[in-house]
Amino acid sequence: MKYRNRTMGALVAVGALTLAACSSGDSDDTTAPTGAGGEADFSGETLKVMHYEGDESAMGKAWNLAIEMFEEQTGATVDLQTTAFEDLNASAEQLFDSSDAPDVSEYNKGNGTAGQLAAIGVIQNLDDAYAKYGWADKLGAGVDTIAKYNEDGVMGSGSFYGVPNYGEFVFMYYNTEMFEEYGIEVPTSQEDLEAAMQTFVDNGITPLTTSAQEYPMGQLWYQLALSQADRDFVNAYQLYTEEVNWQGEEISYATETLSDWVSNGYISSEVSGLTAEDAGLQFINGEVPMFYSGSWWYGRMLSDVTDFTVGITNWPGTTLTPGSGGNIWVIPVESKQPELAEIFIDITMSPEVQALLGESGGLPVAANTEDVQDPDAQALIGLFNEVNDRDGLSFYPDWPTPSFYGDLNGVMQGLVNGTFTPEQAQSELENYYESYVSTVR
Amino acid sequence: MPSMTRTPKRQVQPQDAPRIPQRGGGKLGYWLYFIPGAILVGVVIFYPIIRNLRLSFFHWRGGRAEEQFAGFENWTALFQDSEYLQSFMNIALVIVAMVIVPTLLGLVVAAALFDVVGRRFGGKLSSFLRATYYLPQILPIAVAGVMFSWILKPNSDGVLNQFLSFLTGDDVAVNWLGGQYSTAIISTMVLMIWIQIGYPVVIFMAALQRVEPELYEASELDGANWFQRFRAITLPMIRPEVFVVGLTTTIAALKVFAPVFILTRGGPSKSTYVPSFYAYQEFISGTDKGYAAAIASSITIVVFIVSVIFIKAQTRAERKDA
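Protein chains in written order, with the working numbering: chain A, 1 to 441; chain B, 1001 to 1322.
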């Protein structure tokens, strides 16, 4: 994700998942990080590692273990540099091509981010490292899509430029007490969902919170479009396999439904001025019964919500769901230790690190699923398995162009505050999308 | 009558002049002292401006991608870009918020503090009040912006909405930053005024120290009221400072970035874009850095033109006074 709050601690153990299972290799045969690091002595060398995970997050814990193992196995020292996700997004293009570049860094995936860096030559081609360490065997199809980029920076084909080692997806958080209070069942279809929302509105409660100033509403819009779409639509939208019909049924359904929901009071018009954090807090504080957002909120929901029980469910009546592999490890073109960087990445893929990632609340790509005991972890994995079983991971709505994140948020704000009709919103989005995609399609 | 003899002013003799190493007996030596500053200005200011100007004539995706000569394409595209034009239209409102209102308010506040508060209640109180006006200037803009976001929250949690609810007795939930263009830009303007007001107050109060107190006293004895004193004494005395404040705040308004970045991120629907924010967005997430460079260069050109106009106007006014 482009925009997660990196400090969210995922405090509850979540386990491994089917990404590994659906890959061509068996997670059991994940090789220990022998490689060059197991045999060569790199004493006196230093590896500059950069990432943006909080120490208490699942990834932060996992990367700390990876650093410890790396130093033990290679004799080299790690110079850890932590940064903010947004800061690295804004500066990576210059940083990775400078003498201050880290040797290996976590980075955001997708066409507009890692794809852009691959296209302009500031991150290294990892084809040889993939062959050497067998990373491709550990990644499922939905995950390796975000590791490969062609010469235009479009994901899904071309060479490997990054290594993802966890997954993420978007689903509905709901307040079980409020559902019970008003006798509402967890919706299993779009009609159920709208009926549930109407019941809340009839009782003076705004049912669904989101944010149009930041990512949540764009993801909700995309989910509504996906609920009417098939894989060809996703490929056309994300991989530019054919032209997207911006006035077609998928996108029209999404924009019109959102517009109706605002008119009906299912979503408050105030969301145009809310950030993702504001929306999340409305749910956490028990002000709103439903919040549609990603797995990166899960640990925080379980730790911060004290007045009610958090329920989770996939969006009803859809096969396709926003989600993908997590952020990726990349090696900047100015890395002074590319060999050690590859060894480090390989260690992050090791069973030990992957297991800790799962136990700490992440969704690892290369760990054993049987070990998970915690019921909250099992609930999340169960939900994610549902999506993977139906091959539902469909990436994120802002990936098609480098500037589409801001473009989409702007249009969503206009849709909510009445600046744009649904048709105008679609035309606006088409203009933004085509101004870039027509140059690379 | 005692006679007084005046000692003739002594002329500076060549042997008394500062000894500066000179080549060939000329004035070249003076230039040695100029070199460090010139290098610094060249490296920090002129080199980036020239590089940026050059880049504005190319298409460039960034990083190690090749630059492709674009001629005037980026520049002509600017004038067909509604977001760019909107961003410059917004500058007119920013000038109201950062130049016109703070300068006018600053004049009144400074005059009132100096002429009324200072004289009736003492210098300490007026200094204290001056410091409170200046406080937003020293507050990091990020802190001020976050504080305003909290005040302007769109739902009933927002401090301003709560205050209005209290006053009206109704449940007020105005979407200050995300609702309509007008509320978003006015909210941003209020933040700018609040931040900016202390600057002219401090400058004008410093300028007023030059005014002889007898002038005010004499005018008061002649029966002049506060407004007449303000118009006849205060305003003419601090005219140079008004020019300086006008120039510096206009330049700041043309380059304004932080309040927009923190409060609205250019929203809703990109309607509060200003040129600097637009240039930043294009540099960070755009695919043509050349276009971003054209936006940035256009700001530099406008700032340069505005500065020349101001300085000429000031020189003309000074000549008139002389």
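Think of the hints as simulated: they come from the structure by calculation, not from any bench.
All figures in this text were calculated on a predicted structure; none of them were measured in a lab.
No residue lacks a Cβ here, since even glycine has one placed at the ideal position from N, Cα and C.
Any given hint could turn out to be false.
As the list claims (entries may be wrong) - Here are the in silico distance ranges between beta carbons for each label pair: (1) B:Phe-1046 / A:Glu-56: 22 to 32 Å; (2) B:Lys-1312 / A:Ala-90: 37 to 47 Å; (3) A:Pro-375 / B:Asp-1081: 25 to 35 Å; (4) A:Glu-151 / B:Ile-1305: 54 to 64 Å.
To be verified - Facing chain A, from chain B, some residues (calculated, C-beta under 8 Å): (5) His-1059; (6) Gly-1062; (7) Arg-1064; (8) Ser-1127; (9) Leu-1129; (10) Ala-1131; (11) Thr-1132; (12) Pro-1154; (13) Asn-1175; (14) Gln-1180; (15) Gly-1267; (16) Pro-1268.
Status of the hints after comparison with the structure:
Between B:Phe-1046 and A:Glu-56 the C-beta distance comes to about 48 Å, which lies outside the given range of 22 to 32 Å. For B:Lys-1312 paired with A:Ala-90, a C-beta distance near 39 Å keeps the hint of 37 to 47 Å intact. At roughly 54 Å, the beta-carbon separation of A:Pro-375 and B:Asp-1081 lies outside the given 25 to 35 Å, and the hint is violated. Under the hint 54 to 64 Å, the C-beta atoms of A:Glu-151 and B:Ile-1305, about 42 Å apart, miss the expected range.
At about 10 Å, the closest approach between the beta carbon of B:His-1059 and any beta carbon in chain A exceeds 8 Å, and the interface hint on this residue is violated. With 8 Å as the threshold, the beta carbon of B:Gly-1062 comes within range of chain A, its nearest partner Cβ sitting at about 5 Å, so the hint holds. Using the Cβ-Cβ criterion of 8 Å, the hint placing B:Arg-1064 at the interface with chain A is satisfied: the shortest such distance is roughly 4 Å. A distance limit of 8 Å between C-beta atoms decides the matter here; for B:Ser-1127 the minimum to chain A is near 39 Å, and the interface restraint is violated.
Evaluation of the B:Leu-1129 hint against chain A yields a violated restraint, the C-beta minimum of about 34 Å exceeding 8 Å. Given hint, B:Ala-1131 at the interface with chain A, is violated; its Cβ is 33 Å from that chain's nearest Cβ, farther than 8 Å. For B:Thr-1132, the interface hint is violated, the least distance from its beta-carbon to any beta-carbon of chain A being 30 Å, above 8 Å. Given the 8 Å rule on beta carbons, the hint for B:Pro-1154 holds: about 4 Å separates it from the nearest Cβ of chain A.
Annotation: interface hint on B:Asn-1175 holds; nearest CB of chain A at approximately 5 Å, less than 8 Å. Nearest Cβ of chain A to the Cβ of B:Gln-1180: about 6 Å, under the 8 Å cut. The hint holds. At about 5 Å, the closest approach between the beta carbon of B:Gly-1267 and any beta carbon in chain A falls short of 8 Å, and the interface hint on this residue holds. Given hint, B:Pro-1268 at the interface with chain A, holds; its Cβ is 4 Å from that chain's nearest Cβ, closer than 8 Å.
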